[in-house]
Amino acid sequence: MRAVPLPLALLALLAGCAPSGPPPVVLVSIDTLRADRLGAYGSTAGLTPNLDRFAAESVVFDAVYAQANQTNLSHASLFTGRYASELGSVARGFSPSPTAPTLAEVLAVYGYDTAGFTAGGHLTRGFGLERGFSTWETPQELGSFFHTVPPALAWLDAHAADPARADRPFLLFVHSYDTHERYLKPAPLGLAETDPAYRGPAFAVGREANGLERVMDGWFWSRVGGGPRLDPSRLRIHDGPVRSLGQRMAGKPGGPEAPAQEADLVYLRGLYDGAVTYADGWFGALVEGLDQRGVLDRAVVIVLSDHGESLGEEGLFGHSNSLTDADLRVPLLVHLPEGAGRRVEGEFALLDVLPTVAELVGATAPAGQRGQSLVPWLRGGEGPRHEVVYSEGPHRMLSARSAAGRLVFTGVDVNAPYLPELLRTAALDGPAFVDSHVPDVATQSALRDATLTWRSTLPVARGGAKSDPALVNKMRQHGYFEAQ
Amino acid sequence: MSPLLLGLLACARPDPVEAGFAPELSRLDRNADGRVDEAEYLRVAFAAPVFAQADLDHDGALGAPELAALVRAQDPVYFDGVQTFAQTGTTALAGQAGADPDARQREVRDLLRFEAEEVAARGGVVPDVLQIAAAANTGSLDSAESRAALAQLHAEATRLGLAWPQGIGE
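Here the protein sequences line up with chains A and B, keeping their order.
The numbering used here puts the last residue of the first sequence at 484; the count rises by one with no breaks.
The numbering used here puts the last residue of the second sequence at 170; the count rises by one with no breaks.
Since the hints were derived computationally from the structure, they do not count as laboratory data.
Where a beta carbon is used, it is the ideal one built from N, C-alpha and C, also for glycine.
One thing to keep in mind: the hints can contain errors.
Cβ pair distances, simulated, as ranges [stated by the list, open to error]:
1) Gly-42/A to Thr-158/B: 44 to 50 Å
2) Glu-345/A to Gly-124/B: 30 to 36 Å
3) Arg-122/B to Ala-91/A: 26 to 32 Å
4) Val-441/A to Leu-160/B: 57 to 63 Å
5) Asp-57/B to Ala-197/A: 49 to 55 Å
6) Arg-53/A to Arg-30/B: 20 to 26 Å
Take a look, some chain A residues computed to stay more than 10 Å from chain B by CB distance [said to hold, decoys possible]:
7) Ser-95
8) Ala-100
9) Tyr-110
10) Gly-126
11) Gly-341
12) Arg-342
13) Gly-383
14) Ala-442
15) Trp-454
Make the full structure from the sequences, and use the hints.
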């Protein structure tokens with residue numbers, strides 16, 4: 001056991017002398033972490049001992065769904081309590097409207113010192129997610145907790161040592177891309193879940209940046225060059241369901257290289273699981289660092305992911321191509337200073353985090369935010385919950401989830417004028433509702449009606465965009481509309 | 001908890017990285033003896049022939065402090081199963097390998113074994129003497145024959161776009 005240097009001990013003394021008041025808040029985002037990889041969410045693989053130990057002293061929300069399947073969209077919802085389509089165009093180049101107050105801006109008004117340490121990508125300064133943070137650093141682009149945990153702990157030490165800031169509560173945001181592709185993490189942990197003898201096509205894919213773009217529809221594809229555009233939305237509308245494309249193009253120019261065998265998928269999943277273990281180790285380091293500084297005893301610590309990851313389900317890898325449970329179900333662990341552990345069943349949304357934090361620190365949540373405070377649940381009681389949880393994604397996707405089932409709708413912008421007709425008339429087993437699961441007509445009708453009602457409340461939807469008759473006709477020909 | 005007690009306890013608290021990764025060490029520790037020996041390490045880390053460098057106290061196994069040092073030495077952005085210590089870890093740990101000549105020899109053979117496997121996996125030709133040495137982890141690498149074979153392997157690796165470990169065959 002190594003002793004902590006004396007200066008850190010002095011800093012701990014200073015931290016312990018901080019006056020009581022609104023609690024500090026630590027928000028940890030483990031990008032692309034699937035909930036089902038945690039022991040706290042039922043995994044028996046033993047990948048996350050640190051997260052599980054933390055969860056045992058936290059309130060664990062069982063079924064939490066992100067409001068988007070992409071980092072910038074989902075973090076925008078997390079920080080504002082609003083849906084991405086209210087904040088801007090739901091596309092890869094999304095940047096949230098500056099008119100929606102963020103969690104950091106709200107807490108700054110209440111005197112919080114705010115800092116974020118991100119792993120870059122869509123959280124790089126300039127994408128708009130930094131609004132409200134007085135410190136926003138990206139030590140390494142597409143980085144890891146390896147890059148963000150040390151400076152985050154150093155920031156805490158500097159905060160505690162600065163007489164001008166030590167009395168102020170803080171909001172600390174720590175982010176990692178460890179479980180985002182490229183999955184490959186340093187040996188030995190990064191490879192602990194893979195077969196060391198494997199040399200199939202996934203070996204190279206797992207080591208390439210954006211390699212997962214080559215894994216689709218159950219096939220390994222070459223780099224897109226003269227081949228088809230692998231845009232799921234275009235494929236779903238104009239070329240039929242994604243699943244059959246590889247089969248139709250096998251052996252043809254521009255076609256896939258090889259079918260994905262089970263051993264290939266196992267290897268990729270093993271790389272992902274190795275990344276989970278690696279991220280868990282660094283999470284443990286972060287928690288130990290918080291504990292040593294006395295932060296764990298007085299702060300609200302929230303651990304979550306912004307979205308999940310498909311690992312071969314429905315023939316897809318990654319997270320921008322679908323809105324399945326694998327893509328959207330995320331962990332949400334809330335550790336309060338008193339450290340009591342319990343589990344809350346039922347469906348919740350990531351955009352509930354903003355009003356929850358606001359209530360915990362005594363702030364007023366901004367008008368227009370759509371989340372519901374989880375504080376009643378945190379205190380051991382019950383509170384309001386969403387009857388339906390909505391999510392969005394680029395490639396014109398949206399989903400509606402309830403306790404009874406889910407509709408996952410693809411191929412249409414949420415503000416397209418023909419969306420109501422499509423929702424009312426499209427066949428459930430048609431291409432419009434790929435990945436949907438509803439047990440009966442009543443549930444299907446309820447979800448359709450709820451989606452239409454929700455859509456009518458979105459400011460963007462009220463504007464009404466012009467429809468493209470040629471596109472609508474093409475959709476009818478491909479069976480998107482029940483009436484022909 | 002009083003500030004004074006908190007401060008005193010802080011002096012005895014473990015390294016956060018060591019504490020964070022200690023539970024992970026158990027995943028690798030197949031025989032549950034609290035350490036990761038070379039066989040347990042190589043079972044999962046064939047692509048990172050750095051065990052000798054990571055074994056800081058040369059006791060033939062990695063404990064929690066050594067695993068933490070290994071984690072700190074490997075920037076995940078640069079790790080691709082080949083280049084870890086060639087690009088990032090060598091500087092951090094090489095100086096700590098001590099004066100053990102066998103450690104360096106083992107390291108070189110491990111690096112060549114991986115390099116040969118990578119070349120073979122991509123359809124390249126691995127010189128026979130290195131195949132023997134890599135497979136058996138034996139054999140001298142100082143003869144004229146082995147130096148010629150090293151040069152041939154180096155050329156194959158370059159042709160296939162693979163990085164070459166620093167300090168080998170130079």
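Taking the hints in turn, this is what the structure says about them:
Between Gly-42/A and Thr-158/B the beta carbons are some 48 Å apart, a value that agrees with the proposed interval 44 to 50 Å. For Glu-345/A and Gly-124/B, the hinted distance range of 30 to 36 Å is not satisfied, since their beta carbons lie about 55 Å from each other. Here the CB-CB span from Arg-122/B to Ala-91/A is close to 38 Å, at odds with the stated 26 to 32 Å. Roughly 59 Å separates the CB atoms of Val-441/A and Leu-160/B, a value that falls within the hinted 57 to 63 Å.
About 31 Å separates the C-beta atoms of Asp-57/B and Ala-197/A, a value inconsistent with the hinted range of 49 to 55 Å. The beta-carbon spacing between Arg-53/A and Arg-30/B, approximately 22 Å, falls within the hinted interval of 20 to 26 Å. The claim that Ser-95/A lies off the interface holds: its Cβ sits roughly 25 Å from the closest Cβ of chain B, which is beyond the 10 Å cut-off. For Ala-100/A, the requirement that its beta carbon stay farther than 10 Å from each beta carbon of chain B is met, with the minimum near 33 Å.
At roughly 25 Å, the least C-beta separation between Tyr-110/A and chain B is larger than 10 Å, which holds for a residue marked as non-interface. Residue-level check passed: Gly-126/A sits 20 Å from the nearest beta carbon of chain B, beyond 10 Å. Every C-beta of chain B lies more than 10 Å from that of Gly-341/A, the closest at about 18 Å, which supports listing it as non-interface. The beta carbon of Arg-342/A sits about 23 Å from the closest Cβ of chain B, which is more than 10 Å, so the claim that it is off the interface holds.
For Gly-383/A, the shortest C-beta to C-beta distance to chain B comes to about 32 Å, beyond the 10 Å cut-off, and the non-interface label holds. Against chain B, the non-interface label of Ala-442/A holds: every CB pair exceeds 10 Å, the least being about 47 Å. Residue-level check passed: Trp-454/A sits 40 Å from the nearest beta carbon of chain B, beyond 10 Å.
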